[in-house]
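Participant: Read off the chains here:
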Amino acid sequence: MRQENTSGDVNIVIGGEAGQGLVTVGDILSKTVVRAGYSMVVTQSYMSRIRGGHNTYCIRAGIDELQAPRESVDVLVAMNDETVGLHRGEMTNRGCVIIDGKSKVSSDGLARLAVPFSELSDKRYFNIAALGVVASLIGLDEELTAGAVDDAFGRKHPESVEANRAALAKAYDWMKSRRLPGLVLPPPRRSGGRIVMNGNQAIALGALSAGVKFCAFYPMTPATSIVLSLAAADQRMGVVVEQAEDEIAAINMAIGASFAGAPSMVATSGGGFALMTEGVSLAGITETPILIAVAMRPGPATGLPTRTAQGDLEFVLHSGHGEFPRAVFAPCNVAECFHLTRGAMKLAEKYQSPVFILTDQFMADSSRAVEPFALDGLDTVNPGAIPESFNGLYKRYALTQSGVSLRLLPGISRNLVVADSDEHTEEGHITEDLAVRVAMADKRSRKLGGITSEVIPPQYVGDETPELLFVTWGSSSGSVLEAAEVLRAGGRKVGTLCFSQVWPLVPEQFVERLEKALRVVGVEGNATGQFCRLIRRETGFEIRDRVLRYDGLPVTPEFVLAGLGKVD
Amino acid sequence: MRQENTSGDVNIVIGGEAGQGLVTVGDILSKTVVRAGYSMVVTQSYMSRIRGGHNTYCIRAGIDELQAPRESVDVLVAMNDETVGLHRGEMTNRGCVIIDGKSKVSSDGLARLAVPFSELSDKRYFNIAALGVVASLIGLDEELTAGAVDDAFGRKHPESVEANRAALAKAYDWMKSRRLPGLVLPPPRRSGGRIVMNGNQAIALGALSAGVKFCAFYPMTPATSIVLSLAAADQRMGVVVEQAEDEIAAINMAIGASFAGAPSMVATSGGGFALMTEGVSLAGITETPILIAVAMRPGPATGLPTRTAQGDLEFVLHSGHGEFPRAVFAPCNVAECFHLTRGAMKLAEKYQSPVFILTDQFMADSSRAVEPFALDGLDTVNPGAIPESFNGLYKRYALTQSGVSLRLLPGISRNLVVADSDEHTEEGHITEDLAVRVAMADKRSRKLGGITSEVIPPQYVGDETPELLFVTWGSSSGSVLEAAEVLRAGGRKVGTLCFSQVWPLVPEQFVERLEKALRVVGVEGNATGQFCRLIRRETGFEIRDRVLRYDGLPVTPEFVLAGLGKVD
Amino acid sequence: MATAEDFGNYETAWCPGCGNFSILKALKKGLADAGLEPHQVLMVSGIGQAAKTPHYINSNVFNGLHGRSLPTATGAKLANPDLTVIAESGDGCNYGEGGNHFLAAIRRNIDVTLLVHNNQIYGLTKGQASPTTPEGYVTKAQPHGVMLEPFNPVATAVLLRAGFVARGFSGMIDHLADLIVQAIRHKGLSLVDILQPCVSFNNVNTFAWYKKRCYKLPGDYDPTDWNAALAKAEEWGDRIPIGVLYSNERQSLDRHYVELGCARGINSQTDMRELGEIMRKYA
Amino acid sequence: MATAEDFGNYETAWCPGCGNFSILKALKKGLADAGLEPHQVLMVSGIGQAAKTPHYINSNVFNGLHGRSLPTATGAKLANPDLTVIAESGDGCNYGEGGNHFLAAIRRNIDVTLLVHNNQIYGLTKGQASPTTPEGYVTKAQPHGVMLEPFNPVATAVLLRAGFVARGFSGMIDHLADLIVQAIRHKGLSLVDILQPCVSFNNVNTFAWYKKRCYKLPGDYDPTDWNAALAKAEEWGDRIPIGVLYSNERQSLDRHYVELGCARGINSQTDMRELGEIMRKYA
Ligand SMILES: Cc1ncc(C[n+]2csc(CCOP(=O)(O)OP(=O)(O)O)c2C)c(N)n1
Ligand SMILES: Cc1ncc(C[n+]2csc(CCOP(=O)(O)OP(=O)(O)O)c2C)c(N)n1
Ligand code: SF4
Ligand code: SF4
Ligand SMILES: [Mg+2]
Ligand SMILES: [Mg+2]
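Chains as they are written, first to last, in the working numbering: chain C, 1 to 568; chain D, 1 to 568; chain W, 1 to 283; chain U, 1 to 283.
It is worth saying that the hints were derived from the structure and are not from the lab.
All of these numbers come straight from a predicted model, not from anything done at the bench.
Mixed in with the good hints there might be a few duds.
Stated by the list, open to error - Far from chain U by the CB rule (all over 12 Å, computed), these chain C residues: (1) Gln67; (2) Lys104; (3) Leu110; (4) Thr221; (5) Glu242; (6) Glu245; (7) Asp246; (8) Ile248; (9) Thr302; (10) Ala335; (11) Ser389; (12) Thr431; (13) Leu561.
What the hints assert, rightly or not - Listed below are the simulated BS3-like cross-link pairs for lysine-lysine, each with C-alpha atoms no more than 30 Å apart in a straight line: (14) Lys395/D <-> Lys216/U; (15) Lys516/D <-> Lys566/D; (16) Lys25/U <-> Lys156/C; (17) Lys395/C <-> Lys443/C.
For glycine and all other residues, C-beta sits at the position ideal for the given N, C-alpha and C.
Produce the complete structure using the sequences and hints provided.
Facilitator: Below, the structure written as structure tokens:
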């Protein structure tokens, strides 16, 4: 089932080998699109290698708010011949292939722009020429595009500015007589002013805005870019970003740093997270705040290291031995990556607990047009209490009604702070008194009450009594929202329930919606319907119809609609 | 609520400091009890230290089949004064304290055998004298006791045999005029012939009987003794037991060994298991058989390292990133430790998957009187298929209906065996073909079908339409069974549903029982009712009434009955 | 100024006669001699008998996971470079489970003092071989004797040019206290490997065994001579040198981060204006 | 007898110009020269660019987890001591994530050949510093340059008395192939640290850089002289020695287990009678 474009958007796929510079072209184009005032969703798909293979950078741009990728392609920028064959089947009726004029590959009657690259520029600037062709094709202003090119290269390679400009100008020039009206975007509804940001950048920015001061990591796709964004800002923001010898070291460093007073985080993916689970448990019993960002990719084990999945929900939810409270957020879009990360850091400090941001490769690499975040006056995490506010004999784990004990930091007052991974007394010292054990376990459990009282309810959109209700979470939400709109446009009464916090769950917030709907369909990026199982565990409500994707690609509106057909 | 002894059993607690030799006395006494023909349940409780503190070794012996510990104490062997104060409140009416005559500690009107140890023996043999006193007290034959002492010391310390004998004889002699009839066990109903074995020894024996040839481990209480039992038999049985540098190494070694053809296992506890979770996922995707024994203790983190808990069920069940099938067994008694371990090893090989034995400190250290296992003619795991049975181009991950591919071993034929932690082709080579990915994920999932078809149903005991149904699993089962009997004796219609396999669950095997019962009560050794949650997830049935213990001690019949009172 | 007594006097869970008692004594003396107050000190440990030590010291304490004292200590030091951070654990903890962190901490040259109670055995788990257990030593887990070559921590540390490498003996308390003072004062990773008798599980390397063998490095020994240090670090058997084997003046990782402006201590505030500029780059 | 061609010819996922190609070539030659047939060989790897190598060799393969090739190889060798087991992975894999296993494998002296593609960078994850990256080297993850002292794998292996320690250069294929043959023939842990240019992420240690510096150890060099070996292993900079730096004849762990009767190979059967006797001890 392929859905044709009807709504003023265009879907561009740049395809080619790793190392050909797709990402450079894609990033500049997406910046231009957003600066022009369009909405945008980027989807990146790449292989686990540095050169060769087949990668794509997909930009969907439009005048209305877009929240999801689209599978059908309007413009295919084929950086090599192979790309044409691989994507031919995805082309829409108005589809057009941009390819080097020298290529002999057949494009089967598809509209084809055979670009005489070698006439337009030196080989080094073919990319920019291609950029010019596609930018012109969809109607982006030349000056705007040139500005984005300058921004990308100007600082690093001032010597190339002119050559880039020239290649771009030639490309625009060459295109003048070749506009295909069907692909030109209608004038935007707004005048730019938004920023271009992907999920991982937004997580980094969110953490910085909350006052993160320490991050330890071991490189792992697709989490690494969170950390690289922090590292790029380390001197300006005052944050230590330390590459650890392994993931175990990373989480233990972050816990040590947090204990000592630095708002701390780690970022990793499934396999690296597996190695952190003992540390999660340590954060649980020592009641040390920590933010753990897990960017999912398909497992088990190494699996498909550069693709996307939502397959680690149950693992994250139950990670760490023993029992202790936690919260798990799963941002549904890039703005939420920022806001939920902020919220998660604050929650971690407030409840002195591990808190998770569960994202995935799709979201990590999906650049969007985002309203700049209002940073002025944002509050930051202030670790620990002011020691002056306290007098008496300090007890790190004083038993309280809320389960939360006053947290002081070591070294900043004469109060001694004692934390312990063993079961411990209120003073933090190791104990084998079993009554104290129960009191401490209960104290820790009580914190879940507070965490639960702050749960972000799932977002409901749609008819109050839908015939069809979609339930989804995290990065799949955008596609579900769009699929629902398509169905509504077809006259069906559809609702969507998107969870951006997947733990704890508060059944009262949503169970009625499940019961009222004529039919409920769960949509997730895994093979076992993990979130559906969780809902049943927490509410008893069984979501039997499920649209599950686990081939390494993001859930798309098309996939949802096609899947619906199958479970229908 | 304390339950008095009525049924021909006696409960002995030996208490004192670590390093005082409690375990030696306890082991000899338990051997004697079983050789005499009694049933027995041992409960050991010890602190995380080598000397000092307060430990107990509790032996419940009786003429009927015992399946659970008892909290009330009939005989307290106080190796130091502190012990009296700590256990005074647990003594039954007929209770008696055995203590050094020189002790001035008050025992508050309890019957007291003040033993003149220094008159009976040299200081080195006080233990044996104490053993003689308690053995005589409960009516064990002197020769039988002496034989057990000889067996314990004879080989290692032949020089001490006579002195031990003498001390024992003096103790029996001293006791002649001091028998307290209320504590003498009735004559046994059988004439011995059983063996004395705890859960961990039975796991080791079960693994050996299934042909285990490789075990790697990093020491961790309460799992270490599984490995020590294997190590003690390594030369005789042909098994390599290798101490690893950490738990990560342990599981990866075992996976390597299994791949190469040795039936393999690891044994650890929660924190060590956390470090193994990446390896679990590796076993999942490479389809390498492995037995993982997890002996639980209270968490989070270091928690109470020498106590018991059932708090890692959900963690084990969801351990490892990505999705792949597994089976989890939780032996309800020592005999099951043997049989389920055997079964688990065979299942692991058959479905080329990780399989778990989930036990805990209580079961690990709980010696019981067990019928010797019929070893003759037992089958063992035969890793891999016979290469001659196969011709053609070998594909390690050939797609099959059952999901199980023919497993050949590397090096024993010209067929090349290729395994991969990445998503792979049928040949085992790394792939990024997303259709192949789906086919492989589906293939792996299909194995769950086979595993499910072999699930051991929960054991049901009791009335067909009970007013009260207990649901429990693993080591808590014995106590639940006994609590039910007590209630039945009180005229109530009670059923028990004990799960010794906790994953996968087959609702048809038990859901009707849940629905038919007037009231269902879950009993578990954790704070959140993990198994109850799992049942709800899998069946929708909510077990609201729960008796949960998480103070580090085993669930006892008394605890169940008292807890029932609270939820009643 | 604080005295050794100010660092407390607690009941321990150790066996009578254990070498840990003298280490504890030396540590308290060392802390006092270094001029530290209890609240200026953060003791970080793993799990094991040695790792219980921080519970017996009046100071800030983070008693974390088995094998992980070094990364936790590293994180704490980077978060608050003003703290005096001491990682204290056993040979199993640091050279076994934590072997990778040992290498990395040396390479980082983080300003943490690492005190290893090296009893050449896993004490708390009842006597399995540790990385430093001598070849041939029989335990229940090694019924045929240890088959692995023992790990030489001080030689490895010297080879990798750790900031400060010393070996002490729990039986020589004043000498050990002095090593601890020097280790604390040294700005960089400071290892003090402490020979510690375990009366319950190590019947070879006893107090008497060490007493007979340990000798102090001569006064003219030059710890900045790497080659000499390596030779001394390899000396083991009939004579065992104790003292500061090696030291250098490499800049510590925490200083690097402080100087770069990344590590600003715990009172620094987030500069939202600066962050706004970073965000604007995305426009 | 098998030839280098019998070890296959596959398409790779490496960058054009990568040093891995020559290593692959040398490996195939080495396997053939060692007189091995494909089915006698088990290649075990971790994750990374180097770790893909086994997929390009016609042999048995276990491509496991990042950092874990050594324990997996160790288990396989103990299960079937007849196999020729080769662990092959990158510097990040073996000295970073797998650092603890590196130390332990040396101490075990397990008869496994360890080939490390040392490109001094994390290649597959796009160029972060590895433990062998030179101080000061700038990457996106180390924007201020590496602040850690680089790890010297061959010196560490010599210090810990690994069975066999060699360094090769991917640019000298025949020499490397010969090292691989010797490493395979050596009964014990055999490390070949292979200097490998990464054209995508390491612009310092290029082919030309190595070419200028690498020299073969002289014919009269005695690899059984530990002190000399340590000195050679420390040599780095303008001149880099390649060849067999060190070797000894310590018995390998697998031989120990074979001789004890613990490791009986994969065809041994369980003796139920013996087990019965063990069980009877519990009576
Ligand atoms: C991850 C993990 N693995 C294993 C253990 C069990 N464990 C606790 S202490 C210890 C060994 C302690 O030896 P060492 O560090 O030498 O300290 P010692 O008791 O000898 O002072 C082990 C293996 C644990 N707590 N956590
Ligand atoms: C547990 C875990 N952490 C991190 C990763 C991500 N990862 C894959 S390869 C790699 C680095 C590879 O570097 P190296 O071993 O030097 O090999 P190279 O690519 O340079 O040949 C990393 C960090 C992973 N796969 N697993
Ligand atoms: S077991 Fe050994 S190290 Fe532990 S307290 Fe006892 S003597 Fe000391
Ligand atoms: S990234 Fe480097 S190591 Fe990897 S294939 Fe390319 S050149 Fe070789
Ligand atoms: Mg030790
Ligand atoms: Mg590398």
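Participant: A separate judgement is required for each hint: does it hold in the structure or not?
Facilitator: Quick rundown of the hints versus the structure:
{"no.": "1", "hint": "Gln67", "result": "29 Å, holds"}
{"no.": "2", "hint": "Lys104", "result": "23 Å, holds"}
{"no.": "3", "hint": "Leu110", "result": "29 Å, holds"}
{"no.": "4", "hint": "Thr221", "result": "6 Å, violated"}
{"no.": "5", "hint": "Glu242", "result": "9 Å, violated"}
{"no.": "6", "hint": "Glu245", "result": "6 Å, violated"}
{"no.": "7", "hint": "Asp246", "result": "5 Å, violated"}
{"no.": "8", "hint": "Ile248", "result": "10 Å, violated"}
{"no.": "9", "hint": "Thr302", "result": "5 Å, violated"}
{"no.": "10", "hint": "Ala335", "result": "25 Å, holds"}
{"no.": "11", "hint": "Ser389", "result": "37 Å, holds"}
{"no.": "12", "hint": "Thr431", "result": "31 Å, holds"}
{"no.": "13", "hint": "Leu561", "result": "35 Å, holds"}
{"no.": "14", "hint": "Lys395/D <-> Lys216/U", "result": "43 Å, violated"}
{"no.": "15", "hint": "Lys516/D <-> Lys566/D", "result": "23 Å, holds"}
{"no.": "16", "hint": "Lys25/U <-> Lys156/C", "result": "38 Å, violated"}
{"no.": "17", "hint": "Lys395/C <-> Lys443/C", "result": "14 Å, holds"}
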